[in-house]
Each structure stands twice: as C-alpha cells, then as structure tokens.
Amino acid sequence: MGPYELLIAPFLEFPFMQRALVGAIVLSLGACPVGVFLMLRRMSLTGDAMAHAILPGAAAGFLLFGLKLVPMTLGGLMVGLVVALLAGSISRLTVQREDASLAALYLISLAAGVLLVSMRGSSVDLMHVLFGTVLALDNDALLLIGGIASVTLLALAVMWRALVAECFDPIFLRSVNGAGPAVHLLFLMLVVLNLVGGFQALGTLLSVGLMMLPAATTRFWTRRLELMCLIAIMSGIISSIVGLLLSYHLSLPSGPSIILTAGALYIASMLFGPLGLIAGQRPHRTHRTA
Amino acid sequence: MSATMLKIDNVTLGYEGHPAVHHLSGVIGQGALLAVCGPNGSGKSTLLKGIAGLLKPFDGAILRPGCRTRDIAYLPQQAEIDRHFPATVIDVLTLGLIERRGLFGSIGKADTARMLEALQTVGLSGFEMRPVETLSGGQLQRVLFARVLLQDARVILLDEPFNAIDARTVSDLVALIHRWHGEKRTVVAVLHDMTLIREQFPETLLLAREAIAWGDTAKVLAPENIIKARRMTEAWDDHAPWCEDVKVA
Chain A
322 MGPYELLIAP FLEFPFMQRA LVGAIVLSLG ACPVGVFLML RRMSLTGDAM
372 AHAILPGAAA GFLLFGLKLV PMTLGGLMVG LVVALLAGSI SRLTVQREDA
422 SLAALYLISL AAGVLLVSMR GSSVDLMHVL FGTVLALDND ALLLIGGIAS
472 VTLLALAVMW RALVAECFDP IFLRSVNGAG PAVHLLFLML VVLNLVGGFQ
522 ALGTLLSVGL MMLPAATTRF WTRRLELMCL IAIMSGIISS IVGLLLSYHL
572 SLPSGPSIIL TAGALYIASM LFGPLGLIAG QRPHRTHRTA
Chain B
189 MSATMLKIDN VTLGYEGHPA VHHLSGVIGQ GALLAVCGPN GSGKSTLLKG
239 IAGLLKPFDG AILRPGCRTR DIAYLPQQAE IDRHFPATVI DVLTLGLIER
289 RGLFGSIGKA DTARMLEALQ TVGLSGFEMR PVETLSGGQL QRVLFARVLL
339 QDARVILLDE PFNAIDARTV SDLVALIHRW HGEKRTVVAV LHDMTLIREQ
389 FPETLLLARE AIAWGDTAKV LAPENIIKAR RMTEAWDDHA PWCEDVKVA
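In order, the protein sequence lines correspond to chains A and B.
For the numbering used here, count along the first sequence from 1 and bump the result up by 321.
For the numbering used here, count along the second sequence from 1 and bump the result up by 188.
Bound conformation, chain B alone (with noise of 0.2 Å):
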C-alpha cells in the first residue's frame, strides 16, 4: 500500500445547506489513477472542488498528509474558461508558471524553454503565439493540459477532461495521463466513458452523493452498482430532516 495522499474524513460538500456529497471517507494513496464516475449530479465536480480547496466541508475534512494545497494542479470543465478572451497560447500556458513565478515574478528564458517544450509534448508545437479563440475544442484541451503539465503538480485533478474531444486527442491526452502515473503522481479524473475507465484506470470511486463502490474498477463497475448509482435521486428537498438530527434520533 503507497503512502497515503489525500484522506477524505466523513466529508460532506455542497451547497446552500443541501449535500452534494453526502458523508463520503475514503483514502487516495500516492500514484493512485482514481477515476470517479456517477450520474450527472452526484457529486463528482464538487467533490473535485473540495479537494483542490475550492469548497469547505460542512462537515468532515479533507486531509492531505502527503500534500499542500498548492501541489494540487485542477483542471476544471472547459465550460467554466472564457473562451474569447484574447489571450494567445503562451499567455495560457504561463499561468501555469504562476505557483512557481508568483503573479509577478518574471518568466526567463528557461520557463519559455519549459513551455514550447510542453505544447511539444501534447502535439502543438508551433501553436506559441495562436489566439485562444481560434482553437478548436480539442486543440484548447490540450493547451490546458500542457499548462496542467507546467505546473507540476504531485496531484492532479481532472474534471470531465475528455468531454466532446475526439477520441485521437483522448487517446494522446490518456497517454499523457498515464506518464504521469509513472511519475508517481496522484490523478484524479471525473469521467463518463465507462469502456475508457475500465481499460486506462485501474481504481474508480463510483459516486452517487454518497460511495457506492470505491476500489478495483472491475468489481466497482459491476453492473449491481451502476443500477444502485442510477437510483439516486436528483431532487433537492427543502424539508428533508437535518443529516445530524436523524443520526440521534
């Protein structure tokens, strides 16, 4: 058993009093490859959130022995970029540099070195000086990979990465995914694609507000437990009994 590198203590997230994740625990060891899967709103975005420290607990906590919050690297879903801004790839790609550079130091010649060599490594040489706006879905995806890269993270979160990419960006983005698992590094990647998690990840929390399964993907994704995930209900109820008062009672 590797080196613990997240602990999730009896967390529960969410919002506005109503729990996305609902009294989860569980233990994400060094290199670990977890994908987590569910339904749409079982809480996966939201638990990626509280891990990189985006969201507080309610209750509960996310330890992280092995790390702090800066080692973290979160690639949130693209939805939440501001594809129009008139930024150009390297401009992307330097703010990748900002746990290392601060938000003002001065990026040298080695940092420019580090990233052409980045956008080399997810296929884009030569796309330094290209507007964000004019890339395609799939192109913007791999930019973000490689600033995910530069920033060298010891865990990194991945939030629905593949979502409308082509399965040749999926398949070279997976590769690099899996680099990084021989670095030792820990990944942690919300995904949909049932066939691509059981081949490429060898552990899956499958999550429907609370754990359904977690552990080897081959027996989370037995088809007993994706029946049981697709049973939660989305419904938010607004006199649902307060978590702690059922508990004593």
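Only chain A is shown next, with the shape it has when bound in the complex (with noise of 0.2 Å):
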C-alpha cells in the first residue's frame, strides 16, 4: 500500500471519512484554544465536569425527540450554561470555590443525565450520547459545528486581552475594570459551545479530550501565549487527521483513535519537547557568560 491509499485514497473516496474529517478540524480550531485557556487558569478538569454536566440537557432531547440533533444540543447547551452559571455564582457569591461548586452540580447534573436516558431506550443509545459518532455527521452537525468555531474564534479575538488579566493577575483586572465575572462567564458559555460542539463527533465524554489534550500538550513547547495557542491548534488537527486514518485502516472507533492520538502526541511532548521531562534533566554542558 503506498502514501496515496495510506494517507489520501480514505478521505477522497468516502464521503463519510470527508465530513468527519472537516468536523473534526473545525472542531479544534475553536476547541483548542479554549482548552489552553482553561488550562491556564487551572481549570483543566473544568471541561471533564461541564462534558458530564451536559449529559441530562441531551438526554433530555433525546427523551422527547429520539436521537436528533437540534433538540439533543439545544438541551445540552441550555443545561450547560445554567451549570457553569450556577457554580460561577455560588463561588462569587458565597465561601465556596469554584471546584467544590462545579463538582456538587455537575455530579447532580450527571446522576439525572443517567436516570432520563435509562428511562428510555437502549444501552446502544447510551453508548452513542457517550461516545458519538464522528463518522455520521451531518450537514447540519457539520453547520453547527461551524458555528461554534466562527463564535469561539471571534470571542477569543475580542477577549484576549480581558482573558489574560484575568489569569495571569485576576485582582489587578477587578481594581482597574469590573468586566472580570462577565469575562468569566463568557468564557464558561465559550466551553460548554465547545463541549457541545464536540458532543455530536465525539459524544460528551471525548468532546473534552480534543479540548485538553492539545492544550496540556503545548505547555511542553513554548512560553508564548499566542503560539501555545497555535500550537494545540496543530496538534489538534493531526489528532483529527491520523486518528480518522488509524480508525480506518485498523476499523477502530473513531472517536477513541483521535482522542489516544492526542494523547499519544501529548506524551511524545512531554517527554521530547523542549521543556519536556528529557530536556529538563539533560545538563547543560555550555553556558552563556550571561
């Protein structure tokens, strides 16, 4: 088999293997860079909560509709956004963090997700709004996604500067400029579009893996904001376009071979990456005389 049948042949010949591949790039050109900043502000495990914290708005839609699209994101969406808006509230509002607030929603969030779909339907329906189906999106999957990228980009763009005082020295943004809550929830609402982005592709569980991993990985190659940015952009796709092409060459699922290519790329950079675990030990056998 030669570099035309291993790398092109799948994606020109199957117009499935076309439309996951578009969703799934499109998908990481908005999700990454969330996740960057997620990780930045040590909320890495913020996405995993909200991805659980969904599962009841698209079981919800799945209960009344059946497995479709528009209501099961809408529902996800709208449940999302009331659980990072509570849990950002409580821990503005009262003496508990924003962890321990997030944590007691979206576990009540999770329980009620599990009770609606086991209400109905199939352990193979639960399988599906667990884990997607990157390989059956739709024009109207493939539109939303779309969507969420366009948005997350322009918010990204128009917020950056709000995000980076916001990490980096949150009470001097709250001295100069009282945007800082808006801020955060606005980004909070970026991550849940993300999520539910994600959710048709990669089902509620993995949406959060291209959102991570890319990010988590970054931190091993660069001090720059703006390139770690870039950087879990690119790592993003080449997840996207090699776990398509493992899922098919090898028929594994989809969803899974992009999201252990991301991890696979992310140990590489953490053991080979210029601030990774080699070059950290490595002494330096040459100094600079300052």
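A hint or two may mislead.
Said to hold, decoys possible - Chain B is nowhere near these chain A residues, computed Cβ spacing over 12 Å in every case:
| no. | residue |
| --- | --- |
| 1 | Pro-331 |
| 2 | Val-403 |
| 3 | Arg-441 |
| 4 | Leu-592 |
As the list claims (entries may be wrong) - For each label pair, taking beta carbons as the anchor points, the in silico distance ranges come out as:
| no. | chain 1 | residue 1 | chain 2 | residue 2 | range |
| --- | --- | --- | --- | --- | --- |
| 5 | B | Gly-293 | A | Ala-457 | 41 to 51 Å |
| 6 | B | Ala-406 | A | Arg-603 | 54 to 64 Å |
| 7 | B | Glu-398 | A | Arg-603 | 56 to 66 Å |
If you are wondering where the hints come from, they were derived from the structure by calculation, not from laboratory data.
Beta carbons are placed, not taken as given, at the ideal position from N, Cα and C, and that holds for glycine.
Hey, can you piece these two chains together into the complex? The hints should help.
See the structure below:
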C-alpha cells in the first residue's frame, strides 16, 4: 500500500470520511485555544466536569425527540450554561470555591442524565450519547460545528486582553475594570459551546479530550501564549487526521482513535518537547556568560 | 494643607463580620506620601483593598472627592499573581493600558512607545519579550511598577512592594515613588521597614486594627506607639459582643 492509499484515498473515496475530517478539524480550531485558557486558569478538569454536566440536557432532548441533533444539542447547551452560571455565581457569592460548586453541580447533573437516558432507550443509545459518532456527521452537525468555531474564534480575539488579565492577575483586573465576572462567565459559555460542538462527533465524554489534550501538550513547547494556542490547534488537527486514518485502516472506533492520537502527541511532547522531561533533566554542558 | 484626595470616614472593613480595620477615620491629602505600617494582621492590606474599592466597608465610607475609582492604581502583593502564566513583559504592561484603551481597544504605536519608555524607567530596557516566568522577583516587581507607571493614576496604592526585594531595586523603586510624589500623585504604601519609612515617607499611619497614630512620621513611630501597636491581639473572638451594642450600652 503506497502513501496515496494510506493517507489520501480514504478521504477522497468516502464522503463520510471527508465529513469527519472537516468536522474534527473545524472543532479543533475553536476547542483547542479554549482548552489552552482553561489550562492556564488551572481549570483543566472543569472541561471534564462540564462535559458530564451537559448530559441531562442531551438526554432530555433524546427522551423527547429521539436521537436527533438539534434537540439534543440545544438541551446540552442549556443545561451546560445553567451549570456554568450557577457554579460561577455560587463561587462568587458564597465562601465556596468554584471547583467544589462545579463538582457538586455536575454530579447532580450527571446522575439526572443517566436516569433520563435509562428511562428510555437501550445501552446502544447511551453509548452513542456518551461516545458520539464522528463518521455519521450530517450537514446540520457540520454547520453547527462551523458556527461554534466561528463564534469561539471571534470571541477569543475580542476577549483576549481580558482573558489574559483574568488569568494572570485577577485582582488587578478587578481593581481597574468591573468586567471580570462577565468575562469569566462568557468564557465558561465558550467552554460549554465547544463541548456541545464536539458532542455529535466525539460524544459527551470524549469531546473534552480534543479540548484538553492538545492544550496540555503545548506547555512542553513554548512559553508564549499566542504560540500555545497555535500549537494546540495544530496538534488537534494532526490528531484528527491521524486518528481518522488509524480508525479507517485498523477498523477502530473513530472518537477514541482521535483522542488516543492526541494522547500520544501529549506523551511524546512531555518526553521530548523543549520544555519536556528529557530536556529538563539533561544537564547543560555549555553555558553563556550572562 | 493640600486638597483632600481620600476621606476615610469612620470606616470598618473586615471579613465575615470580624473587623480587620476598626472605625478608622482620617484624610489623605492630594500629593500625600503616606506609609502604612503595623503588625501582621493589623488591617493594612485590608485598608488598601477598601480604598481601591475591592472591599465594601461594614460601616462608614471611603469618600473619594478628588478622584474616581479608576484613577486609583493598586499594586497587590506579588503572591496574588500567577507567575507561571505564559505572558511576556509587554503583555503585562499592556494590562496597565486597560483603563485608557479598555479591554477591547487596540494598542497603537504611541502606546508601544510609552510601554518601552516605562520599561526603561524601571531599568529593564530590552526585557519586553521576556517570559514573565523567567524573571527574578525583583525584576517582576520592576515590571509591575512599570505597569503602575502606565496606569497614570492620581492615587497609587502599593501593598508591601519591597518584600524580598534587594537593596538596589528598592532604592530604584523608591526613586520612582519620589518621582510620583513630585508629580503631585498621592502614594499610599504598606511597608514593614521602619528605617525606610523614617527616611523616605513624611507621613505614616500606624495601624493595629485601629489607628494607633497617624501623622508626621517621626512622631508616629515613637517607641511608645510601636509598643502599643505590638500589643494588638490578632485573634478573632467568635463571642465578641457586637460593636453597635457596646456603644449603646
């Protein structure tokens, strides 16, 4: 098998592979930089919690309308936003920190979701909701993903300085500008939007993988924020392409293949990146005068 | 007597019903160079947060006849900053322009020139693209002073700006504080170094939850006042009577 059959043919010959490729790449454009900011705000696990939290919304849509994109997406979006708003408000208005309020709310939400799914449908349906099917993206799903990526990139560009201030020196931002809480909530909305976007392709559990793994990978490559976002997007796109090809050639489920590829990139970067383990352990044999 | 910049009117500030600053009153004039000192837990940082508008008083009011909240630059203790954030020095300085350019406005050539000039003022020319992570404690403090410089504020609040900072950096930054003083800006700094306060700050507030003394530095830092301040008890008393009830009785 030549490189053409290996790398190009699967995408040219099968429309479902093309859709999957476009979906995953466009998803990476928005989700990966959002993941970078999540990581920098020490909220790496927030994505995971939110992914669990959107389940009952999707389940309610599924319960009422069956396995359809629009109701499940809207349901997930609404519940995700409610959980994000509540968790943010609880932490700002009471003594509880956001990690605890979010943990409490997502657990409530997750249990409600599992309950809802179990009320109707088989375990196959549950598997679909949890793990998605990137190979079955229809036009609506692609449009949704494209819309979410556009909104995300635009919002990040506009909020950039505010996000940097909120991460680096939140007290300073509070002292000069009252927009901090609004920026924080808007950012959480972006997180939810992107998780919902990844929902059809990768499922509720794995959509967070495309958000956080490329983000975590970037830390071993650069100390510059702009570059981190670019590297995260690149790493998301590479994972999408390689993961889909692996899934095609080896008949593996596509979602896990994409995320495991991202995981392989993470481990390789952690070991071999310029700020990684090996570079950090190797003693410098030469040094500069100043 | 210069014009009143800030009027602290019977202010009580604190957390969860316990006062950290108790019924403090006083006036900070325009162009004042005021040191705030006192033992740990005496309410110094809390007072600055109150002046900066980050903490609402339980009682009393902090009046700002001479300025708006946004005319106040507040430099918190370094511990509040995420030093591992992947920002460059210029990114940090950009934050100093938020009041002028907003959160979303664009930064022009003139702004960049001002940032480079501020960096030069604090002795860090050429550091603009350095990651914050790689700066020493003293260098970071210089960068944060440059950010204050860019804020171009009429009131400058500095919370323990010289903790773990070497002598040369302190003397450079004190020179900058005197420059602000010369420009008729109002500077309030929380400090522990009594020698530094005696040499550099004409006015001092000795705080131990309540004002032990406030005024001319030499008089405020008299030994009997310092002993009095040290006697302050830091402990919260969950069964302490409510201040209002005590007054009525």
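Original post:
Which hint numbers doesn't this structure obey?
Top reply: Going through the list in order, the structure violates no hint and respects every one.
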